[in-house]
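Chemist: Protein chains in written order, with our numbering: chain V, 1 to 286; chain X, 1 to 570.
Everything labelled a hint here was simulated from the structure, so no lab data went into it.
Since this is a predicted model, take the numbers as computed values, not measurements.
Misleading hints may appear alongside valid ones.
[Said to hold, decoys possible] In silico lysine to aspartate or glutamate, DMTMM-like type, Cα no more than 20 Å apart, as pairs:
no.	chain 1	residue 1	chain 2	residue 2
1	X	389	V	284
2	V	283	X	493
3	X	389	V	175
4	V	30	V	175
5	X	388	V	220
6	V	172	V	228
7	X	520	X	493
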Amino acid sequence: MATLADFKSNDEIAWCPGCGNFGILNAVKKALVSLGCEPREILLVSGIGQAAKLPHYLAGNCFNGLHGRALPVAAAAKIANRSLTVVVTTGDGDCYGEGGNHFLHNIRRNVDMTVIVHDNQIYGLTKGQASPTTDRGHKTKVQTAGVILDPFHPLEVAIALGAGFVARGYSKEMEHLAGLIIAGISHRGFSLIDVLQPCVSFNKVNTYEWYNKRVYKLDEEKDYDRTDKATALKKACEWGERIPLGVLYQAESQSYEQRSGLDRRPPLVDEPIDDIDISALFKDFT
Amino acid sequence: MKQELTIKISGEAGQGMQTIGSALCLMYKNAGLNIFADQDYMSRIRGGNNFFRLRIAEYPVYAPRRLSDILVALDKPSIGLHRGSLATDGVIILDRKKFNIEAADPAFFDVPLFELAVKAGASELFVNSVALGALAGSTGVGFSYVEAVLQSAFRDKGADIITKNVAAAQSGFDFAAASDRTKAFRLKCCQAPGSLVLSGNDAVSLAAIRAGCKFYSAYPMTPSTGIMNFLARYAARFNIVVEQAEDEIAAVNMALGASFAGVRAMTGTSGGGFALMQEGVSLSGMTETPIVIFEGQRPAPATGFPTRTEQADLNFVIHAGHGEFARAVFTPGTIEEAFFLTVKAFNLAEKYQIPVFILSDQVLAESSRNIAAPDLAKAAVERFIIPKKDSAGIKDYKRYALTASGISPRAVPSWIEGVVYADSDEHTEEGHITEDACTRTQMVEKRLHKKMAGLKKEIEAPVAGNAEGAELLLVGFGSTFGVVREAAAALNDKSVGFIHLPQVWPFPAREIIALAGKAKKLVTVENNASAQLAALLRRETGRAADSSILKFDGRPFDLDTLVEQVGREV
């Protein structure tokens with residue numbers, strides 16, 4: 001069994017002190033250890049941004065690709081090599097902005113993978129412009145009079161599109177978040193975990209204090225039914241004074257692997273390809 | 001006696017030109033004739049004018065002719081549209097009553113196509129089979145070939161449909177065979193049957209299966225879609241996943257994800273879709289993830305002519321992607337080259353861990369020829385990953401370990417005991433992000449100079465014909481091979497030779513200089529407006545082309561026009 005020490009990476013961490021990303025990194029490691037994963041079985045895929053650096057900071061296979069393009073890489077890697085546990089670490093700009101189309105269609109595709117979105121409601125790496133989830137009125141160097149676009153609502157969109165696991169975590173609630181990651185990885189199909197993650201350098205609005213005042217845990221609501229889509233959608237709309245944390249929606253549905261029949265065929269990566277005989281096809285062209 | 005014929009079947013979109021066209025190809029091939037077939041169709045689902053053009057000959061043929069010997073008009077507008085490109089002794093098979101044509105034309109061969117269709121099958125839908133029979137009867141092909149091809153084409157449609165189609169074909173056959181009108185068109189069937197009829201796209205697809213491609217992701221775009229259809233048809237049989245991506249950006253990134261995870265992967269598109277893929281090309285170069293990319297050119301800019309042909313993406317593809325990194329670009333010119341170069345593309349992509357391109361175009365992708373079944377012994381798969389059996393003990397793995405060749409041993413994630421870090425940022429040997437100047441220099445040398453040095457040693461040699469001692473050398477790449485080869489042969493007595501480039505990157509500079517050395521005149525033949533090959537030739541060899549024969553109307557070169565054009569250069 002791998003321990004936390006086995007997931008330690010030698011790479012130096014380039015995040016700002018106090019960054020919300022540290023809580024997420026610790027939660028990911030804790031979840032992987034709890035699930036009994038070995039580093040070699042993990043594939044972390046990311047795009048560009050501060051969230052996208054996370055795969056370097058733990059021992060696991062890593063494909064740190066292009067801005068917005070983590071999801072197509074992750075989905076295909078899982079299709080090709082089913083023995084990998086695939087986790088995407090991405091940000092609000094990466095996943096909901098640059099990669100918006102892939103977000104929509106990979107929910108539909110429903111490949112078994114877990115997508116952790118470090119949602120700090122701002123662009124950190126490019127120094128403070130609005131992201132798709134920045135609230136109306138938030139002033140930045142570009143949105144000088146405050147953001148006038150309505151924010152993107154990832155959880156509502158994911159539930160509406162039929163994602164089978166939709167959750168929200170908070171980087172400061174590391175234990176709670178680790179629980180969500182464990183549940184997300186255990187869920188078969190596309191799992192979305194949007195994580196509130198204060199950006200200490202560029203978001204002076206959505207600070208630790210701001211989130212602390214508003215968040216509450218759905219687990220503590222006795223009769224919340226996470227399997228009811230209408231209830232979940234209503235809860236996903238809740239934002240402002242109170243912000244729910246936890247699994248908002250969970251439903252069983254067939255994954256891509258099941259629908260395509262891939263799970264009943266040998267893994268693609270194990271197929272011998274040294275001498276594939278195509279001569280039997282020739283008669284179709286005579 | 002004629003030794004070859006060009007047949008054109010023309011009608012509107014939705015009249016089934018493709019179905020009758022492929023049936024005709026197989027029929028003539030089985031009857032012992034060589035074929036070259038291409039199609040001209042509009043970007044619409046119904047209406048307009050489409051035609052299927054078939055050249056049949058007693059000897060191998062590689063390109064279309066300008067004039068048709070037989071035009072089959074399935075609708076009235078086809079007569080006006082194609083009368084001008086009919087040979088002086090050509091005939092037009094048409095149904096005058098159906099088209100309500102009073103005027104006489106010495107070229108008319110009036111066949112009651114629609115009446116015979118209704119008589120045989122109680123529906124005008126059978127008109128294509130009547131036409132097929134009439135063509136067989138006109139050109140001296142035995143009816144058994146007609147029947148066999150219909151049996152095969154309608155195999156899945158049930159006995160009744162087969163019977164009606166055969167009856168329809170028989171009536172067309174009898175009508176034409178009994179007439180003297182087409183006596184001059186009876187060809188000698190001389191070649192042993194048994195070869196295949198493949199399009200360029202078929203050949204690329206077959207080769208991809210042979211080469212072990214297990215993942216193909218693409219967004220539909222003419223003229224590349226045929227590959228996706230072909231692979232989907234055989235996907236279950238060979239355990240291949242064909243995934244229709246949400247856009248071309250996803251298509252290229254998915255192929256890279258599958259490749260990183262350990263399988264051979266490919267994507268395909270045309271210029272417009274490839275424009276979206278460029279960042280992915282660069283990602284392949286940086287992360288050293290192998291990928292095979294099919295780019296079937298069509299006339300641009302922007303949407304251009306969606307269903308027509310051009311060779312204007314040469315510069316685009318050899319320079320695609322931001323930054324500097326190694327790549328290889330193959331430009332097959334025949335169905336055979338399309339097959340063998342696709343296998344080579346997969347082998348090279350894996351060996352050098354780079355993007356490898358198959359640069360085709362609409363005319364090669366969608367034209368067909370009869371070819372001998374490819375010799376699979378000459379299409380061997382060469383592997384360059386660390387095999388699973390040798391992976392178990394590997395712990396501290398460096399994905400980008402610096403080596404003399406620039407190629408780092410590539411491990412499959414989950415197979416080795418350690419882990420694999422791949423990064424689109426500049427990275428260390430381990431694959432972690434770095435900003436170190438020295439590492440940067442070493443990595444650029446690895447990805448660009450060292451790999452290019454290796455690639456230059458295995459350039460696919462240019463194909464030359466009658467080049468030694470030729471006064472004038474035609475130079476082309478890709479789909480012009482067929483027409484250039486035939487034009488040079490036709491002008492052999494005027495000391496015309498040719499060089500065809502099946503690979504344009506790395507550019508075969510040394511090879512061309514050796515071949516072109518003594519020729520007085522170099523003339524490039526290109527389906528583009530800016531003579532891109534000529535410019536590349538000058539840049540890479542220092543030798544300028546003396547002139548260029550360019551065609552950029554969206555249509556392929558035909559043999560007769562090219563012979564005239566080259567004749568003026570001699």
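Chemist: Identify every previously stated hint that the structure contradicts and give their numbers, smallest first.
Modeler: Per hint list: 1, 2, 3, 5, 6 violated.
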